[in-house]
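Trainee: One letter stands for each residue in the lines below.
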Amino acid sequence: MKRREIDLAVIGGGPAGMAAALAAREKNIKDILLIERNHRLGGILKQCIHDGFGIELFNETLTGPEYAQRYVEKIHDKRIEYLTDTMVLSLSPDKKIIGASPDGLLDIRAKAVILAMGCRERTRGNIAIPGSRPAGVYTAGCAQNFINLKNYMVGKDVVILGSGDIGLIMARRLTLEGARVHAVVEVLPYSSGLPRNIRQCLTDYDIPLYLNHTVTGVCGLKRVESVRIAEVDDRWRPKPETTKEIKCDTLLLSVGLIPENELSNAGGIKINPDTGGPIVDENLQTSISGVYACGNVLHVHDIVDWVSMEASKAGVKAAEYLTGIKTSECNIKIKAGCGIRYVMPDMISGTRETDLFLRVSAPGRNKKITLKDKKKILSSVPKVRVNPAEMIKLSLNGLDLSGVNELEVQLEDG
Amino acid sequence: MSEVLDYLIVGGGVVGCNIARELSRFDLKTVLCEKECDVAMGTSGRNSGVAHAGFYMIPKTLKAELNVRGHQMLPALCEEIGAQYNVIGKLVVAEKDDEIPYLLKLKRQGEINGTQGLRLIDADEVSKIEPNIRALKALYSPTSAILDPFQLTIGLAENALINGARIELNTEVLEIKHHEDYFTVETNKGSYKTRNIINSAGLYADKISALAGVEGYRIYPCRGEYHVLDKGVGHLLNTLVYPVPPKDSGGLGVHLTPTVDGNIMLGPSADYINEPCDLANTPDVMNQLLDEARLMLPALKRKDFIRSFAGNRPKLIPTSSNETVDYVIKEEYEGFINLVGIESPGLTAAPAIAERVIGLIKKRDELIEKKSFNPKRDKPVRFSRLTDEQKARLIAAEPAYGQIVCRCETVTKKEVLDALHNPLGAKSINSIKIRSRASMGRCQGGFCWPKIVQLIEDELKPELKDIRLCGAGSNMFIGKTKDLRRIK
Numbered sequence: 001m002k003r004r005e006i007d008l009a010v011i012g013g014g015p016a017g018m019a020a021a022l023a024a025r026e027k028n029i030k031d032i033l034l035i036e037r038n039h040r041l042g043g044i045l046k047q048c049i050h051d052g053f054g055i056e057l058f059n060e061t062l063t064g065p066e067y068a069q070r071y072v073e074k075i076h077d078k079r080i081e082y083l084t085d086t087m088v089l090s091l092s093p094d095k096k097i098i099g100a101s102p103d104g105l106l107d108i109r110a111k112a113v114i115l116a117m118g119c120r121e122r123t124r125g126n127i128a129i130p131g132s133r134p135a136g137v138y139t140a141g142c143a144q145n146f147i148n149l150k151n152y153m154v155g156k157d158v159v160i161l162g163s164g165d166i167g168l169i170m171a172r173r174l175t176l177e178g179a180r181v182h183a184v185v186e187v188l189p190y191s192s193g194l195p196r197n198i199r200q201c202l203t204d205y206d207i208p209l210y211l212n213h214t215v216t217g218v219c220g221l222k223r224v225e226s227v228r229i230a231e232v233d234d235r236w237r238p239k240p241e242t243t244k245e246i247k248c249d250t251l252l253l254s255v256g257l258i259p260e261n262e263l264s265n266a267g268g269i270k271i272n273p274d275t276g277g278p279i280v281d282e283n284l285q286t287s288i289s290g291v292y293a294c295g296n297v298l299h300v301h302d303i304v305d306w307v308s309m310e311a312s313k314a315g316v317k318a319a320e321y322l323t324g325i326k327t328s329e330c331n332i333k334i335k336a337g338c339g340i341r342y343v344m345p346d347m348i349s350g351t352r353e354t355d356l357f358l359r360v361s362a363p364g365r366n367k368k369i370t371l372k373d374k375k376k377i378l379s380s381v382p383k384v385r386v387n388p389a390e391m392i393k394l395s396l397n398g399l400d401l402s403g404v405n406e407l408e409v410q411l412e413d414g
Numbered sequence: 415m416s417e418v419l420d421y422l423i424v425g426g427g428v429v430g431c432n433i434a435r436e437l438s439r440f441d442l443k444t445v446l447c448e449k450e451c452d453v454a455m456g457t458s459g460r461n462s463g464v465a466h467a468g469f470y471m472i473p474k475t476l477k478a479e480l481n482v483r484g485h486q487m488l489p490a491l492c493e494e495i496g497a498q499y500n501v502i503g504k505l506v507v508a509e510k511d512d513e514i515p516y517l518l519k520l521k522r523q524g525e526i527n528g529t530q531g532l533r534l535i536d537a538d539e540v541s542k543i544e545p546n547i548r549a550l551k552a553l554y555s556p557t558s559a560i561l562d563p564f565q566l567t568i569g570l571a572e573n574a575l576i577n578g579a580r581i582e583l584n585t586e587v588l589e590i591k592h593h594e595d596y597f598t599v600e601t602n603k604g605s606y607k608t609r610n611i612i613n614s615a616g617l618y619a620d621k622i623s624a625l626a627g628v629e630g631y632r633i634y635p636c637r638g639e640y641h642v643l644d645k646g647v648g649h650l651l652n653t654l655v656y657p658v659p660p661k662d663s664g665g666l667g668v669h670l671t672p673t674v675d676g677n678i679m680l681g682p683s684a685d686y687i688n689e690p691c692d693l694a695n696t697p698d699v700m701n702q703l704l705d706e707a708r709l710m711l712p713a714l715k716r717k718d719f720i721r722s723f724a725g726n727r728p729k730l731i732p733t734s735s736n737e738t739v740d741y742v743i744k745e746e747y748e749g750f751i752n753l754v755g756i757e758s759p760g761l762t763a764a765p766a767i768a769e770r771v772i773g774l775i776k777k778r779d780e781l782i783e784k785k786s787f788n789p790k791r792d793k794p795v796r797f798s799r800l801t802d803e804q805k806a807r808l809i810a811a812e813p814a815y816g817q818i819v820c821r822c823e824t825v826t827k828k829e830v831l832d833a834l835h836n837p838l839g840a841k842s843i844n845s846i847k848i849r850s851r852a853s854m855g856r857c858q859g860g861f862c863w864p865k866i867v868q869l870i871e872d873e874l875k876p877e878l879k880d881i882r883l884c885g886a887g888s889n890m891f892i893g894k895t896k897d898l899r900r901i902k
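Heads up: the sequence lines are chains A and B, in that order.
Using our numbering, the first residue of the first sequence is number 1, and each one after it goes up by one.
Using our numbering, the first residue of the second sequence is number 415, and each one after it goes up by one.
Keep in mind the hints are simulated off the structure, nothing from the lab.
Positions of the beta carbon are idealized from the N, C-alpha and C atoms, including for glycine.
Treat the hints with caution; some may be incorrect.
Which chain B residues face chain A? A few, computed with CB under 10 Å, are given here [unchecked claim]:
{"id": "1", "residue": "VAL642"}
{"id": "2", "residue": "SER798"}
{"id": "3", "residue": "ARG807"}
{"id": "4", "residue": "ALA810"}
{"id": "5", "residue": "TYR815"}
{"id": "6", "residue": "CYS822"}
{"id": "7", "residue": "THR824"}
{"id": "8", "residue": "PRO864"}
{"id": "9", "residue": "LYS865"}
{"id": "10", "residue": "GLU877"}
{"id": "11", "residue": "LEU878"}
{"id": "12", "residue": "ILE892"}
Whenever a hint applies, use it, and build me the whole structure from the sequences.
Mentor: In structure tokens, the structure reads:
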């Protein structure tokens, strides 16, 4: 076993891991190791060949591979050491990392660790779709990999369950390749993807979106022959009388993303059940001192620019930890109150400027987001329109939080 | 005249493969025909993976005798052919007073059948064995075990193969002609001449029997649906936990089954269906299983469910009833050995069934043992189960062990390649899955399918249409990008 001592280990070479490593290098951390399980850096961006990346950060619209390449080049420029084809098998609370690579099993002892493993797609098994189990059922991201990286068509008559962004992007991609997307089916009364993707990927191509509907059955013994869809009631129960059958050879699933924290769990890092990611303070430090988290492993983002920004912060904070800069204690608990699905971070110090990132539970108009200390309203920010698909950034700058133990975030009528 | 086989076995389930392996001890020409793309595709690969200790079966039946005998034989057999076998014990739990007589009945039955070590235990002892399960009393069977049904069946088939038997996949028996002292068996892949036929066709045993001229059997498929839980919650259960089954349920009741790989399975239901190939999951049963799972283990969350599947029991009675119809294992006429109604505990009984079939043959034929018979089949490497030191040594010797293909199950490139180059020649993605566990984990192939497809292409250089999930017709792709645009 090859043993190495390292200052900073970054697990995951996607947009989060690359930005975190670069930010730590900017802060003069010399001994950094970026660990990527796939053959190339870039993570899932490599298969996202559509554009729309980089608007916030670079003020121009890039494809996924272009966006990733900017960071890959910086990683090379800054001579940050990285390993590809190397998968971390375990992480222990004392920051011992065991990784497997064709060059051998690695035993890495890090002084600080940044978690940037990303997320995975929810599967058919997670949401219990009835019916047979033929070929032709893919998660949207898996189909995207086959089509964009291997140029293989997964089907020609397609139904997509879930209106998450990857599903919407794939509806357009398949249509451009000559396939027919018969329906995008969403169990919620609203789309779970970004409004711009609904317009650019469905409306522009006359692809019908069935809200309040779900897939109630998959038919076909060898390959998908049809799927059944039905309207659902307000408790997501299908109404049998509304069932209709759509002939198709493919069912794509775009039914949500899950931060991939099996490694974190096994390493004893505490997880927030609302985000599925580690519990972090305002420095993005997890429940284990010196272990930081950023990107989709922390909470699922809707745009990569924000992943990069968050990851840069994690890199800076890990660098401060390594250079012995003391951070303020984070004793103020942040609580996701009524109408709020989650808030990140979970703990703040109240002594420095920081932002909260949050998602609402349901879409709404003319709302306000209030910050409360017990019953006392500390701040109230009006929002003309809120949507769970769009993450909200809330600045706490200038807010006096002295004496506050718990800050509750609520969505109220405005 | 072309080659005449000694034995043609119809059906590559655990019973057929076990018989093929036992026949391969002798100087015989044996062919096993399996209509699917691999062995263990039917009932053998779609069950709880339990080695039953024998207390469920009514005494003095063939089922009881072969169950207990099979349970005795399995540990050594699994060791020989490289299938994981873990003795973990079983609890049949009673939640109410009126369920206790059933436990007593099972205990009595087991003692008559020859099950070892059965004890009635109280709530305290139950919670010591299984802290997450509540019960009033339970029947504890310390010798009940779990095994890997895929590796058992595959291992038997591979061992039969190296000892000279032939395993023909994708080969469906269509017609059987009975001549004076041999049969002609027509398949989709050509015809065979054989002196003897062994029908171990499971759900299709009635049809094969009729093709051989023996009418009067009818298989009633009875579907059992399951959910598979993520390994992350595997620690919630140590033993097999079975309920007192509801009356006339036709099964053993919905139970919690740890697997040898660390998952928990939940099921099966029991519903009679029309078509033996109907393996669909149904909404009502799926919901019912979810509810029952949460009653038993309240900590379970929706995300812990990673897969649902179903298997069909080949029953000889048409309705849900606790009436027992025994296995049919007999030579119907000279040269035609019939195995019909081999439902639970068929996985456990398989070695004993094979032993019985060999016994039937020995009554009329002298069988000559081959000196060259090799009973061993090496257990496939499971990288994920090794210690760090063992992993390091393996990678140093073979770098492909250092490349992880399936992140959820930690399956390496070498293990996938070994599965891909399996001796039986099964080439589908599911064949790789049941051998290596790649794509069997929580992402269900979302991440590793592209990598597995790449390895299939690198190694086998197939045409795109021949990359399949399982058998013929289950192609993964319809063509390349641009193909559809060109057509239009």
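Trainee: Could you work out which of the previously given hints the structure breaks and list their numbers from low to high?
Mentor: Those not satisfied come down to hint 10.
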